[in-house]
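Given the coordinates of chain A, assemble chain B onto it according to the supplied hints.
So the sequences go chain by chain: A and B. Under our numbering, the first residue of the first sequence is numbered 488, with each subsequent residue one higher. Under our numbering, the first residue of the second sequence is numbered 56, with each subsequent residue one higher.
Derived from the structure by calculation, the hints contain no laboratory data. Computed from a predicted structure; not experimentally measured. It cannot be assumed that every hint is accurate.
As the list claims (entries may be wrong) - Derived list of chain A stretches under chain B, where covered just means 3 residues or more per stretch with a C-beta under 8 Å from a C-beta of chain B:
#1 501 to 508
#2 530 to 538
#3 684 to 698
The beta carbon of each residue, even a glycine, is placed where N, CA and C say it ideally should be.
One-letter residues, chain by chain:
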Amino acid sequence: MNILVLMKMVPDIVEELEIAPDGRSLDGEAVRPIVSERDDHALEQALLLKDKVGGTVTVLAIESRDVDEVLFTALAKGADRAIKVCGVETLLTATEAAALLARVLPTTPNLMPVQVIVTGCQAIDDLDGVVAPALAERLQLPYLGIVTGVEVEADGSRATVFKEYAGGTRGRYGVRLPAVLGVQAAPKPPRYVPVAKVRAAMKARTLECVEAPAGDEASLLEIVAMAKPQAAGRAEMLEGSPEEVASKVAEILSSRGLA
Amino acid sequence: MVGAASLTEAPPEITLDGLLASPRGRDLLTCIQCGTCAGTCPYGDVLDFPPRRIIGMLREGLIEEVLASDSLLFCVTCYSCMAKCPRGLRLTEVLLPLVKEQIFARLPEVPAELQKALMNTLRYGNPQGESAKKRAAWIPSAGVPVRVLSADPRPVDVLWFVECYTAYHPRGQDNCRATAKVLHALGVDFAVLGSEEKCAGECARLAGETGLFETLTDANLKVFGKYRFNRIVTSGAHAYDALVHEYPAHGLAAPVEHTTPFFARHLDVLKPRLTKKLGYTVTYHDSCVLGRHNGMYEEPRRLLQALPGVKLVEMAHNRINSLCCGGGGGGMWLDTFFKSKGQERLADRRVREAVATGADVLAVSCPYEVSRFEDSLKVLGYEKKMVVRDVVELLAEAMESPEAKTP
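So here's chain A without its partners, still in its complex pose (with noise of 0.2 Å):
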C-alpha cells in the first residue's frame, strides 16, 4: 500500500507575528514557520498506517523555509521517500496550493498510484480546510475530514475511516481507496525521533526535487487587509482588604444596574 502525505509550514504562533508594511501578509522576517501541526498528525496517522499494513510512506511538501528539517525529520520517522516541490516563489493560498499539488502528483515520477493520501483537516492559515478537499475535486477522488483514526484493508481497496462529533459521538465511515483523508488527529501523539537520527537522515538521505509546472489559477479569494488585535478597555483590579474589595464590587454592580 503507498501513502501519500500532504506537510506545510505555517507561521509559529509561539513567536510574535508582526504585519508586513503592505498591510495585507505577515512580515516574513518575523516570522518562523513551523509545521503545520494537523500534517503531523496526518504524518503518524500514515506511519502507524505502515507499521499495520506495510507498504510505503512519501511525504511530499511545497518549497518553503525550513522544510527541508521537517521532510529530514519525517524520514527519521519511517517515511520512505521525501519530495519537494521546486520553483514556488510566492506564498501560495489553500485553492493556488491544491491546483498545483494536483498538477505536481501526477506528473511526479514513480508516485501514483497511491491508495491514500492524507494531510491536515484544517491549518492555522486555512481554518476552513480547503487544502484536501480541493485537491480531491481535482484528482476525482472521494474525501473525508476532520478524521481521528483510519483502517485499511489489507488490499487496500477500501479504509474505514473514524470522525469525531460533539458529545463524544463517533462516526464510522467506509471509503473506496483512493481516498484524500483530512486528519484532525492521529490516535496517537505524533511520534518522536531522537535528534541523532534527524542528523543522520540528513546525512544519509536525499530531498527530491521536483519542478511545479505553470498552472494559471487565480485565487478566488483576496486578502484585503491584515491587522493586530487592538487592545480595548483593560481589567481593573480592584485592590484593598476583603471588605474594601467586597465595598467596591457591591459599588461598581449597583452603579451598572446588576444589584
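Quick look at chain B alone, frame taken from chain A:
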C-alpha cells in the same frame, strides 16, 4: 582574557559496546555487587535494573534485556549511587548516561511531557516552549542595569549564563532579579546573552537525548565564541554541571562557577551590606549536582549563616545524604509518568522532611527546585507553613534597607 571558547576536536565518544574495553569501563568490572547503589537510589525499589544489576548483565552479555526495560526512566541522576559506591565507580557519570541513551533510543513511546520538553528545547532552546526572543524579558524589571551582549558586545568579565527556568519561570525571574541586584552591588562587570542563550542541555543528555545535547552544546559554544569574557557564572545548577564537566570536551576553555558559590566567595564584601534582619528559620536542600556531584555543601550554608536573623536548621537527610527533588535526568518532565506507575514525586518526600524541621523557609540553589517544592507544598497542604526561596533571593532580601517590607 581567554577568547571564550576555543573549539578543539571532541574526544572519541565512548559507546556502550566499547564501554568495557575503555579504561573507565574496565573499572566497572571491579564492581563487588554489594547493592549499595540500589539501596541508596531514591527509586531503587522501582528499577528493574539498578546499577549493580546493569553491571552484572553487562558482564554476562545480557545488556539487551536491560535496554528493553523502560524502568531506568526512574533514574533521576541524583548521583547518590556514585557517591556511595564503595569501589568509587563513576556510575552516574559513565554507566548510566550510556545505558539511558540506548534505552531512550529504543523507547516505543517517549512519555508525553518529556517529549514536549525535548521538542521545545530543540525548537525554542528552552523546555517551556517560550519564544527565544522572550528569554531576556525579565530584564526591564531587574531594577539595575543588565547588559545584553548582542546589543553591547564589548568584552566583559563575567558572562552570566541565566538558564531556562531562571529566565522564563515567574519564580525563576525572582532569582534573576536578585542575582542582578547582588552582582550589581558587588560591582561585578557582567552581561547576559539574552535571546542568544539556549538551554545548556544537561537534562536532555541525562534523559538519554544525547543528540539534542550536542545540538545545544554546538549552538551555545558558537555564541560563546562571538564574545570575549573571562568566566561564566550560571544560575542553573544543572547548567553548571554541564558547563563544567561536559562543555570543556567540546571546547569550552573559560572557568565556570555557579551563582551560590560565586557569591559565597564574595561574602566578605557582601557582609556589611547584609543589614536587614530576616527573622526566618531556614532549612537548606542540597541540590544533587551542586552537592553530591560537585561537593558544594558549605558554600550555600555559609551564605545563609551570614544573613541577619536567619536560623539554619538541618533536615535528617543533608549534604551527601540529601534526598533528590526528582527533577534530574529528565525527571522534571516525568511527574505524570511516575504517578502513572503509582510512584510518589520525590519532591513530596523531601518537602515532608523539610516541614518536619519546623523551618518556615526551604532554601534552594537550583532553579528546578523552586517550582517542584512549591508544587509539593501546595499538594501536601503546607503552603502556609513554609515558603521556598533561592539562597540568592534571601541574600538580595537581606541587602534591602532594614525598613523595606518583606515580600
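Hint by hint, which ones does this structure get wrong, listed from lowest number up? Per hint list: single violation, 2.
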